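Undergrad: Listed in order, the protein sequences are those of chains F and S. 182 is the number that the numbering used here gives to position 182 of the first sequence; each next residue is one higher, with no gaps. For any residue, its number in the numbering used here is found by taking its place in the second sequence, counting from 1, and adding 1000.
Heads up, a few of these hints could be off.
To give an idea of the chain F side of the interface with chain S (calculated C-beta under 8 Å), a few residues [stated by the list, open to error]:
1. L81
2. Q105
3. A109
4. T135
5. A138
6. L173
7. V175
8. P180
Coverage of chain S stretches by chain F, computed from C-beta distances (three or more under 8 Å per stretch; other residues unrestricted) [as the list claims (entries may be wrong)]:
9. 1167–1180
10. 1213–1222
Think about it this way: if two alpha-carbon atoms lie no more than 16 Å apart in a straight line, the pair counts; the simulated EDC-like pairs of lysine to aspartate or glutamate are [stated by the list, open to error]:
11. K1188/S / D113/F
12. K1206/S / E115/F
13. K1206/S / D1156/S
14. K1188/S / E115/F
15. K97/F / D76/F
16. K147/F / E130/F
17. K45/F / D90/F
18. K150/F / E65/F
19. K97/F / E65/F
20. K45/F / D113/F
21. K1140/S / E1118/S
22. K1140/S / D1171/S
23. K1188/S / D1156/S
24. K1188/S / E79/F
25. K1206/S / D102/F
None of these hints come from the bench; they were simulated from the model. None of the values given here were measured: they were computed from a predicted structure. Cβ atoms here follow ideal geometry from the backbone N, Cα and C, with glycine treated the same way.
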Amino acid sequence: MGSCSHCTSRCSAACADSSNSVGGRHSQEEDGMGTDGTGGDRTYKVLIVDDNPNLLSIVTDSLLELGDFQVVTAADGAEGLAAFYAEHPDCMVIDVKMPGLDGYQLVRAIRGDPETAGTPLVILTALVQEINRFTGMAAGVDCYLTKPVKPQDLVAAIQQAIARSEAQRRQQLRVLVEEPPPEA
Amino acid sequence: MERLGCILEDGYQAAKAGSREVSEAVVARTRYSELDRTANLVYITTYCGVLCGAPPEVVPEQATSKAPVPSLPLFSVKTGLMIPGLRRSAKATEMRRAPDAASEPVALIIDPDVASAERLAGALRTRWATKVVANAQEAKAALRVSQPWLVVTELDLPDMRGLDLLAALHDHPLTRHVMLMIVTTRRKISDKIAGFQAGADDYLVKPVDGELFALHVQVLSRLRRQL
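Just chain S, same shape as in the assembly (with noise of 0.2 Å):
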């Protein structure tokens, strides 16, 4: 089964289904116009999908047309089953998005600093999507529209201590899983301690040579996969 990279209204009877993949969704109440496009696929049903606007084209099975689209096995939210040959529109495939052959779910980096926030999102782009955001209130918005599984974030953002974004994000049952990192010009001795308190993974102190900060994305990853 292909990750899940973002899920409309009804995630949470697919949670309770039991499926690994659906376990590690967004359960997102958006409108379909609000979906992030960047995720890495996006499933769709029939009732989901009418209650959030999504057009016809895109919801599957019962309440689409008869026009040819392409016949995908997708995810059942309300059994937890696959169905083979579940319909799905060309326009929907399209919103599958694979940033390269690794096909890995975007990472989300928060700083009010655009040119360093484009500068780390430029060393991973070869590998991952990635959504650069300014402070937490954004952050929190992509959060509920999809989910990353790598968050990077600056301790000063101007809406909301970069510590306390760390430690909601840690606690919280849905993202408690993602991996944190801080990239911030603080190295004090106290700002360390209390960031790998708050939960991060990783600590990288400013200027970061991007090859190196690719890396340590890279071994999260990793630890990820095996931890």
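The following block holds chain F by itself, in its conformation from the complex (with noise of 0.2 Å):
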């Protein structure tokens, strides 16, 4: 994965909520989290759903190198909802632009049940403009990434996921529906 000054901006901008949204932030250390982005004692585990092999091997590779994250992937959208289901990950890395169900539904369809809703989601996506990030903020997202991004820059989102509550979560769709129009 490449290096890019912007995906660390937009990481910020995207993911900020999370360090001062209503109902209290969990510390890492309070969720037995680990500066290396897992658990403590224990692994998290990500599946990654993107429709682009290359991407999905170099994610994988770069996961298990920064931290001892437990890695599954799958191809589109319709298979990513399949393996969430089998898999129940510890958190999700979406591509937006994919066959079937694209990114942005696929979080709506995890969002949208209670039983499901509170699962920490990442985005990560070529798709750089504001009408895009809203989108997939307003679809629920927890952080929304573009690439290319560093590995360091996904781990600390997946992080930041993982460490957000369902108050925080409900709190950022509160603040988007009443932020000033993005520009398409």
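Assembling the complex is the task here: the two chains are given apart, and the hints tell you how they should meet.
TA: Below you can see the structure in the form of structure tokens.
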């Protein structure tokens, strides 16, 4: 994965509300999460959904190298939804433009079910426009990253997504619907 | 110009005139007595007003009496232009119904479980006017009279598959721009995938928290304006 200063700022903007939302933010220590992005004595399972096999391979290698993650992958949105129910991941990293079920729809399918609504979700996409970011955040994703992304930024986003509470996710929606409209 | 809630018979000509608002209208061949009184605004022309059996006091200009009525700008479905000073009766003015300051058009909620539908409608009531129906036939009848910007439906309907109704709304030229939301007891993977592939913009599984439902509707409202 390449590095890009834009990705860092985009990640910061898209994830910023996790530090100032209502409901109180759990610290990593409270959540038992180590600084390497893993859960102290437990390994977090991350499901990556992307129709680009090269990217799946690169992201998988990066996560395995940077932290004690267990990684599973799916090649499109429908397969990703099935894998989600089969694997019960601790976090999902989702591309947007995929055949069948796109990333926004996959996020909505998970967020819209009370049994799965609390799943940490990160979008990782090549779509960089503000309207894309808004659509992703409005679908309920915890963090919106754009490609290419630094592996450390992806790990940080996964950490933040796992640390978020239901109250913070709801507050994100409240803020989004009151925001000035983004430019298309 | 105010957003059009409903238009009588010759809306096709109005759509051809190129008004964005009118192009979003329901072109309803209906009787005046069957008009949806919850529509945000009803436009009545002389021609179609008479044809549809509207009483003289709500038919503008030529066909009206000389009764003193508010003089408000109206849209001409004949020319596609605003007509300053075209007369509209007090009764016609009463048909304007702004549910609140936001003045959003109605949302149509389709669910045979009346209690569930009423809960959803209640969650939206402070912001939007809603209409609740129990089956697909009632939904189609409601859509012939007025066009909401949002349709919320259960997948299990007594007279039609909810997925088929969604697909029909998604594909029809007059409703393809309507935001579609599924609120259902069905939570299978195949149902969710089929729902989105039929054209749903959102999918919520019951039981649905009222505030969360309202937030999802607000999100769709924002997306509708921007996409």
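Undergrad: Confirm or reject each hint.
TA: Hint by hint, here is what the structure shows:
For the restraint placing L81/F at the interface with chain S, the shortest Cβ-Cβ distance is roughly 5 Å, inside the 8 Å limit, so the hint holds. Hint status for Q105/F: holds, given a least beta-carbon distance of 4 Å to chain S, under 8 Å. With its C-beta approaching chain S no nearer than about 4 Å, A109/F sits inside the 8 Å limit, and its interface hint holds. Interface hint at T135/F: satisfied, since its Cβ lies 7 Å from the closest Cβ of chain S, which is below the 8 Å cut-off.
Checking A138/F against chain S: minimum C-beta separation of about 4 Å stays under 8 Å; hint holds. With 8 Å as the threshold, the beta carbon of L173/F comes within range of chain S, its nearest partner Cβ sitting at about 4 Å, so the hint holds. Violation of the interface hint for V175/F is found here, the shortest Cβ-Cβ separation to chain S being roughly 10 Å, above the 8 Å cut-off. With a cut of 8 Å, the hint placing P180/F at the interface with chain S is violated, because the nearest CB-to-CB distance is about 10 Å.
For a cut-off of 8 Å, the count of residues in the stretch 1167–1180 of chain S with a CB near a CB of chain F stands at 0, and the three-residue condition is violated. Using a Cβ-Cβ cut-off of 8 Å, 6 residues of the stretch 1213–1222 of chain S lie near chain F, which meets the minimum of three, so the contact claim holds. At roughly 10 Å between alpha-carbon atoms, K1188/S and D113/F fall within 16 Å of each other, so this suggested pair holds. A distance of roughly 10 Å separates the Cα atoms of K1206/S and E115/F; the hinted pair therefore holds under the 16 Å criterion.
At roughly 13 Å between alpha-carbon atoms, K1206/S and D1156/S fall within 16 Å of each other, so this suggested pair holds. Between K1188/S and E115/F the alpha-carbon distance is near 12 Å, which keeps this suggested pair within the 16 Å criterion. This hinted pair checks out: K97/F and D76/F have alpha carbons roughly 9 Å apart, not beyond 16 Å. Note on K147/F and E130/F: the hinted pairing holds, with a Cα-Cα distance of about 14 Å set against a maximum of 16 Å.
Between K45/F and D90/F the CA atoms are separated by roughly 5 Å; this keeps the pair inside 16 Å, and the hint holds. Using a Cα cut-off of 16 Å, the hinted pair K150/F and E65/F holds, with the two alpha carbons roughly 13 Å apart. Restraint check for K97/F and E65/F: the C-alpha separation of about 27 Å exceeds 16 Å, so the hint is violated. A hinted pair counts as satisfied when its Cα atoms are at most 16 Å apart, and K45/F with D113/F does not qualify at roughly 20 Å.
Pair hint K1140/S plus E1118/S does not hold up; C-alpha atoms about 19 Å apart against a cutoff of 16 Å. A threshold of 16 Å between alpha carbons decides the hint, and for K1140/S with D1171/S the separation of about 14 Å falls inside it, so the pair holds. A C-alpha spacing of about 13 Å is found between K1188/S and D1156/S, which places the hinted pair at or below 16 Å, so the restraint holds. With a CA separation close to 14 Å, the supplied pair K1188/S and E79/F stays within the 16 Å bound.
Taking the CA atoms of K1206/S and D102/F, the gap is about 23 Å. The hint is violated against a cut of 16 Å.
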